[in-house]
Amino acid sequence: MTPIAGGVALNLALGCSVLSIISLIAYNRTLDYRLFLAGQRLGLAISFFVFIATFILGYQLFISNFDIDYVARYTSFETPNIFKISALWAGQSGSLLFWLFILSIFNTITIIQNQDRHLNLMPWVIITMSVIQLFFLILTNFITNPFEPTQADFVVQNGNGLNPLLQNITMAIHPPTLYLGYVGFSVPFAFAFSALVNKDIGALWIRSIRRWTLVSWLFLSIGIILGGWWAYQELGWGGYWAWDPVENASFMPWLTATAFLHSIIVQEKKDMLRVWNMVLIILTFSLCIFGTFLTRSGVMSSVHSFTESSLGPVFLSFVFIILISSFGLMFSRLTVLKSPRKIESVSSRESGFLFNNLIFVVMCFAVFWGTLFPVITEWFNGDKISVGPPFFNQINIPIGLVLLALTGIGPMLAWKGTSNDKLIQNFSLPIIFGFIAAFIFALLKFTAYTVISFSLCIFVVVAISSEFIKGVRVRKNKFNESVFISLYKMIEKNRSRYGGYIVHLGIVLMFVGFTGHAFDKEKEFGIQVGQSESVASYNFQLTRMHEEERPNHYAWITDLRVTDASGNFITNLHPEKRVYFHKNPDINKRQPHSELDIHSTINKDIYSIFSSVSSDNRTAFVKIMINPLVKWVWVGGYILAFGTIIALWPRKD
Amino acid sequence: MNIKIFSLIAGVLSIILFWIGWVSMNPSDEKAMARFISVESLLNNETSSRTKLGGIVKKGSIRVSKTNQLDCFFVLKEGSAELAVNYSKTRPDLFKDGAEVIVTGQYRNGIFLADELQTKCASRYEGDLRKESNYKLEELET
Numbered sequence: 009m010t011p012i013a014g015g016v017a018l019n020l021a022l023g024c025s026v027l028s029i030i031s032l033i034a035y036n037r038t039l040d041y042r043l044f045l046a047g048q049r050l051g052l053a054i055s056f057f058v059f060i061a062t063f064i065l066g067y068q069l070f071i072s073n074f075d076i077d078y079v080a081r082y083t084s085f086e087t088p089n090i091f092k093i094s095a096l097w098a099g100q101s102g103s104l105l106f107w108l109f110i111l112s113i114f115n116t117i118t119i120i121q122n123q124d125r126h127l128n129l130m131p132w133v134i135i136t137m138s139v140i141q142l143f144f145l146i147l148t149n150f151i152t153n154p155f156e157p158t159q160a161d162f163v164v165q166n167g168n169g170l171n172p173l174l175q176n177i178t179m180a181i182h183p184p185t186l187y188l189g190y191v192g193f194s195v196p197f198a199f200a201f202s203a204l205v206n207k208d209i210g211a212l213w214i215r216s217i218r219r220w221t222l223v224s225w226l227f228l229s230i231g232i233i234l235g236g237w238w239a240y241q242e243l244g245w246g247g248y249w250a251w252d253p254v255e256n257a258s259f260m261p262w263l264t265a266t267a268f269l270h271s272i273i274v275q276e277k278k279d280m281l282r283v284w285n286m287v288l289i290i291l292t293f294s295l296c297i298f299g300t301f302l303t304r305s306g307v308m309s310s311v312h313s314f315t316e317s318s319l320g321p322v323f324l325s326f327v328f329i330i331l332i333s334s335f336g337l338m339f340s341r342l343t344v345l346k347s348p349r350k351i352e353s354v355s356s357r358e359s360g361f362l363f364n365n366l367i368f369v370v371m372c373f374a375v376f377w378g379t380l381f382p383v384i385t386e387w388f389n390g391d392k393i394s395v396g397p398p399f400f401n402q403i404n405i406p407i408g409l410v411l412l413a414l415t416g417i418g419p420m421l422a423w424k425g426t427s428n429d430k431l432i433q434n435f436s437l438p439i440i441f442g443f444i445a446a447f448i449f450a451l452l453k454f455t456a457y458t459v460i461s462f463s464l465c466i467f468v469v470v471a472i473s474s475e476f477i478k479g480v481r482v483r484k485n486k487f488n489e490s491v492f493i494s495l496y497k498m499i500e501k502n503r504s505r506y507g508g509y510i511v512h513l514g515i516v517l518m519f520v521g522f523t524g525h526a527f528d529k530e531k532e533f534g535i536q537v538g539q540s541e542s543v544a545s546y547n548f549q550l551t552r553m554h555e556e557e558r559p560n561h562y563a564w565i566t567d568l569r570v571t572d573a574s575g576n577f578i579t580n581l582h583p584e585k586r587v588y589f590h591k592n593p594d595i596n597k598r599q600p601h602s603e604l605d606i607h608s609t610i611n612k613d614i615y616s617i618f619s620s621v622s623s624d625n626r627t628a629f630v631k632i633m634i635n636p637l638v639k640w641v642w643v644g645g646y647i648l649a650f651g652t653i654i655a656l657w658p659r660k661d
Numbered sequence: 002m003n004i005k006i007f008s009l010i011a012g013v014l015s016i017i018l019f020w021i022g023w024v025s026m027n028p029s030d031e032k033a034m035a036r037f038i039s040v041e042s043l044l045n046n047e048t049s050s051r052t053k054l055g056g057i058v059k060k061g062s063i064r065v066s067k068t069n070q071l072d073c074f075f076v077l078k079e080g081s082a083e084l085a086v087n088y089s090k091t092r093p094d095l096f097k098d099g100a101e102v103i104v105t106g107q108y109r110n111g112i113f114l115a116d117e118l119q120t121k122c123a124s125r126y127e128g129d130l131r132k133e134s135n136y137k138l139e140e141l142e143t
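As you go down the protein sequences, you meet chains A and B in turn. Its first residue numbered 9, the first sequence is counted upward by one per residue in this note's numbering. Its first residue numbered 2, the second sequence is counted upward by one per residue in this note's numbering.
There may be inaccurate statements among the hints.
[Unchecked claim] If you anchor each label on the Cβ, the simulated ranges turn out as follows:
id : chain 1 : residue 1 : chain 2 : residue 2 : range
1  : A       : Phe63     : B       : Ile57     : 36 to 44 Å
2  : A       : Ser545    : B       : Ala82     : 43 to 51 Å
3  : B       : Ile63     : A       : Asp624    : 12 to 20 Å
4  : B       : Asp116    : A       : Pro321    : 48 to 56 Å
5  : A       : Phe388    : B       : Glu41     : 20 to 28 Å
6  : A       : Ile93     : B       : Ser8      : 51 to 59 Å
7  : B       : Asn45     : A       : Val16     : 50 to 58 Å
8  : A       : Leu409    : B       : Asp116    : 23 to 31 Å
9  : B       : Thr48     : A       : Asp572    : 45 to 53 Å
10 : A       : Ser545    : B       : Ser62     : 37 to 45 Å
11 : A       : Arg349    : B       : Gln107    : 56 to 64 Å
12 : B       : Gly22     : A       : Tyr496    : 48 to 56 Å
13 : B       : Asp116    : A       : Gly575    : 29 to 37 Å
14 : A       : Phe63     : B       : Ser62     : 24 to 32 Å
Treat the hints as calculated values from the structure; they're not laboratory data. Beta carbons are placed, not taken as given, at the ideal position from N, Cα and C, and that holds for glycine.
Same shape as in the complex, but just chain B (with noise of 0.2 Å):
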């Protein structure tokens, strides 16, 4: 291979390489990353940085606010661990009790502001098979 030829490639592959490695330590947009931590660790240390956090939908705890069906209160539970979430933007069709979800955002004054939630994408109904063969095929049909 000629030199011109290797020194281009090099030049163009450290450049590259380079910039990869400068987004990753300065992303410009703040929603770029998220810190991945359990609901007990944010709790404990109150951070108020990015965080990305798991869990399920603690049941009968979702309120939609009477006056904005956009917002939405709910705990999200993580092992024993509650934390109160709020999300004002459309929610997911998977959305709902006992759901399990993603939510990314921040922690405020004891309650998680949301900007991003996803429900697990289920290719399936989950579920014992012994209580689903507890429902009738003709409740189903019209």
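The shape of chain A in the complex, shown without the other chains (with noise of 0.2 Å):
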């Protein structure tokens, strides 16, 4: 019974989109309020019935009904409670009705926050939100329902059950993190599109979606960092980011996002890069529905027929109405967004941000056209031709340093031009640390690139301090305070700056930990307890190895003594080997999992994987990997969404 209220529901919220739809277009034709009040309600009334459908396979996947096809497939009695309401992103038919469900809750919140407010926007707005929804509407009624039931001539006694990789409360976030990311770029987007629509193109629209654009990119940052954190803790691989095709689709969208970001300063502030901001938003939103489409479909990550889906062209076709749509619509009104003003100078902020914004662009483009390589030399020659991680870090390595360095010059440009003496006061210091830093880095000999980057983070660091002690100084000798005090109260009258500031500071920090990179060391070897072996200037001895029986799988366990150069303890791993469902008599449904150990510091991570056993119990196959810094990435993550937050909060009046 439920379940078909379920599909109901998505019935109905699809009929309300129509209607919406409907309503709010008679509504601009004719002006009767009535008509926009109608819109409006039904524009809640399809979220309504979203939130009853999500609320009925929540629930369905908690009481184990099997007569539904997607709660068999992806839970089963075993599943503890917390990774059965998880499994509602778990697979296709539920991720896409989770999107939508997050999609609802933020139009709910759009629609209920601009009751009074942007009401010449408003049935636009409306209008592109609800045709978002209704193309899920359309995914989730007619191509992928999660309500299907199971086929009806036996009864299922058990479900699939989750991977136990997915069992994992990083696993359980990351995705509905991301979602919230790229769902939120919605918002922007559709206040984009009416500006566009109803010609209103000052700074009006730009103010009304700054904090959502922020909260979206804060989501999508976390989700980005969450996902790296739970690969480099789970997978085993010893690496947190490989250039892989999901990993790619959040990232495109994260560049121009954050040239978007940082694009809106200058239109606010100066009322400039008018069809530049369009370009950027319109940009962000179609990689995002390109994004899940990436995810979806399994076109890109694979052979010949991973994951099969039909969704693939239906997606790609609605990428291309928005972009169709929505660049069709800006070229109409492209006399009436050109900016009355113009960029003057260089050496001006403006320009800074406009070159932070080229260079993100472009290393879009960059991580695009890697993606689809594959896809695109088997257009010229047939050849289907796929690139890895060293093709990508090659790239992107310079396009980053360049992007690592404007963090630094960006903030001590002035509006409008920033005089010669200005820039030798401002840049000196920073230039002088900097320097300081290659050459003693170079006497390390350390290689160009890790010299670069490392200089380069002191130079922005230095940059970014000197711009800190400088409006501290201001405060400090104009209201007589502590040092404190000023540093708080002027962050808190500039929180967007200084919150900006951290942020930089945040992907500062992450820079040195990807820097860290380049001093990885590993090794593979077998090994039986009394002996050891080194890796790096660590030993590493098998003291011990046991096996032990818990509730749900089977554990070898190694203990490993990790010791210094000089003999020094520095720690005990205990990486282990599982099997899950070790008591299914079906072996190939028995569950192999490599538990790994990491001992993390500030400045390096031991990381031990327990490979595999030999059949006689003794050898034990460990792989070992040194990764320096690699805390850092995590560290700067923190402070980045530290920094968004402070320039997120709200201001007392």
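Fit the two chains together into the complex; they arrive one by one in their own frames, and the hints show the way.
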């Protein structure tokens, strides 16, 4: 019974979205206010029915109703409750419903928040959002319905269950966080589209979406970082980023969104770059949909037939519709969009922002190019050539370093133009520090890129700190406050600016972490109790290996004693080899899993993986990796989130 | 926009686009690119360049060396074409009989020496629910 209710709720939502769009279009023609109210309420009704459908599916997963195909495929009786709920976004149809669910939350907030604001923009904002909902409703109603029943001729005893790899709390949080980011950009996009339709192009619509954009950007960033963190902790290849198409799918909108975040400042302050901002938000939103397409359709990840899906063409056509309609509309508004003001000087902050934007977009193009390289080469000469991480690294490292440099340069430029005296005054200290650092790192015989990257990090840190020190000094002298109070008040008075600088500091720390990758060492070997093996300057001794049977798996556990070159004890590592469903008579249903162990310190991680055990249970085969500075990436991530929250914090007035 | 900024933008843009094009033609790392082909066409052409192949691990074909567990041989099956593969690094957990895999490496004298082995990232257990329903819950509980 209830599964049917879920399907009906989706039908009703679909109907409401069509009606909402029709009445709002009618309102635009007749200006009969009742039609606007009808459209607005129908807009809320779409979301209401989507909420109902989502809660029904969530509940069915929770009570393990295996009459629903989706429930039977992604959960089983043994699945812990929390992962029964997270199974909501484990599979295709559920994750599309979940996308829709988040979209509906955002739409509801937007509609309620703007009941008596932006009245000229709202009709088209609601239309745009309803069209996006309509698209996902078509998918979940007709193409991949999450309430599809299991075949009627047999009873499912127990479901398939969730992969143990995914039974991890980070993995439960990572997809929804990314989705919040992806979906969040539909709100700024809807406002931009509406601004275009209404020829209301000034700085006003920008102001109304600044916060939405920042929130979505924060979620997208956290989602990406969590994904890397999960891969590092769980997957056991010792890295956090592999330039996999699905990772790239989330990175591309992040790049354009970051560009957008910067360039809307210019429009807010100077009313310039109007066309450019339109381009960026349209690109960002299209890339979000394109990203969902890459993730869900299985076109890229793969050989001939990894996850086949009928969704590909539908998604692709939606991306094309978005691109054609928005860019078409934008070109027809080009005369209105033209900004009355122009950038005056190369050394102005405006031009700094412009260059930062340019580099972000080009980097996005580079990632796009690499991701679609197999498709492109196949078009050209019939050969499908796929590119791996070395390709992406080679292209993106120099581009990334330019961006890093701009992180320091941009904030030191003044609006309109910076005088030569000011340039010397602002830049001399960071440049001097940067060069000293470069000299020292070169003496240490680091590679060229490593030297450049580390010294740019120093350059940016000195540049940002001097901005802070300057500001604090001015306040201190003016109001006679203590250092901490003036620091606090300075940040409080100008949250978006100093929040932004803190984000920059986070990015610098992450770059330090990325650069540490250049010093990675690894070794794979077999080892018996009592033997030892050395990796880099560390010694690993296997002191014990034992077996243990636990509630849902069987485990082999090693005790690895780690000492440094001079024999000092560092830590004991206990990587495990587990077999889940070890009692399943079908050997192929048993699921091996390597539970790795990491000793993480601020300057390096010692990463251990227990890959297999010999049949006589005496030799353990392990892989050890020494990964310097990885922790800086995570710490940088925290600081990035902290800075964004400062920039987001509402003002008192 | 003033001419200076415009020419700077054009300059930066063309340098980076040139760079992307250049790297695409001459990647510095030989592992940067691999040609995706079918097992059948590899066997027909016996190419020794770096290739990427997809297929299924033939049931019962996995042989792990007695002395070094990292050293492993198996038969990759794609359609009716079969190819012996050697891989001697840590194997992913999902690597087993019948698993869908992608291998990257080089073909030398009748054997494919793989240096990368990826298994399909399964978000769940694939399989027929009909068969699945055969196993009993009690068997799993301890």
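Consistency of the hints with the structure:
1. A:Phe63 with B:Ile57: 36 to 44 Å: holds (40 Å)
2. A:Ser545 with B:Ala82: 43 to 51 Å: Given about 47 Å between the Cβ atoms, the range holds.
3. B:Ile63 with A:Asp624: 12 to 20 Å: Given a distance of about 18 Å, which is inside 12 to 20 Å, the answer is holds.
4. B:Asp116 with A:Pro321: 48 to 56 Å: The hinted range 48 to 56 Å is violated for B:Asp116 and A:Pro321, with Cβ atoms some 35 Å apart.
5. A:Phe388 with B:Glu41: 20 to 28 Å: holds (23 Å)
6. A:Ile93 with B:Ser8: 51 to 59 Å: holds (56 Å)
7. B:Asn45 with A:Val16: 50 to 58 Å: holds (55 Å)
8. A:Leu409 with B:Asp116: 23 to 31 Å: holds (29 Å)
9. B:Thr48 with A:Asp572: 45 to 53 Å: At roughly 47 Å between Cβ atoms, A:Asp572 and B:Thr48 fall inside 45 to 53 Å, so the hint holds.
10. A:Ser545 with B:Ser62: 37 to 45 Å: holds (41 Å)
11. A:Arg349 with B:Gln107: 56 to 64 Å: holds (59 Å)
12. B:Gly22 with A:Tyr496: 48 to 56 Å: holds (50 Å)
13. B:Asp116 with A:Gly575: 29 to 37 Å: holds (35 Å)
14. A:Phe63 with B:Ser62: 24 to 32 Å: Hint violated: Cβ distance 48 Å, outside 24 to 32 Å.
Checked against the numbered hints above, the structure violates hints 4 and 14; every other hint is satisfied.
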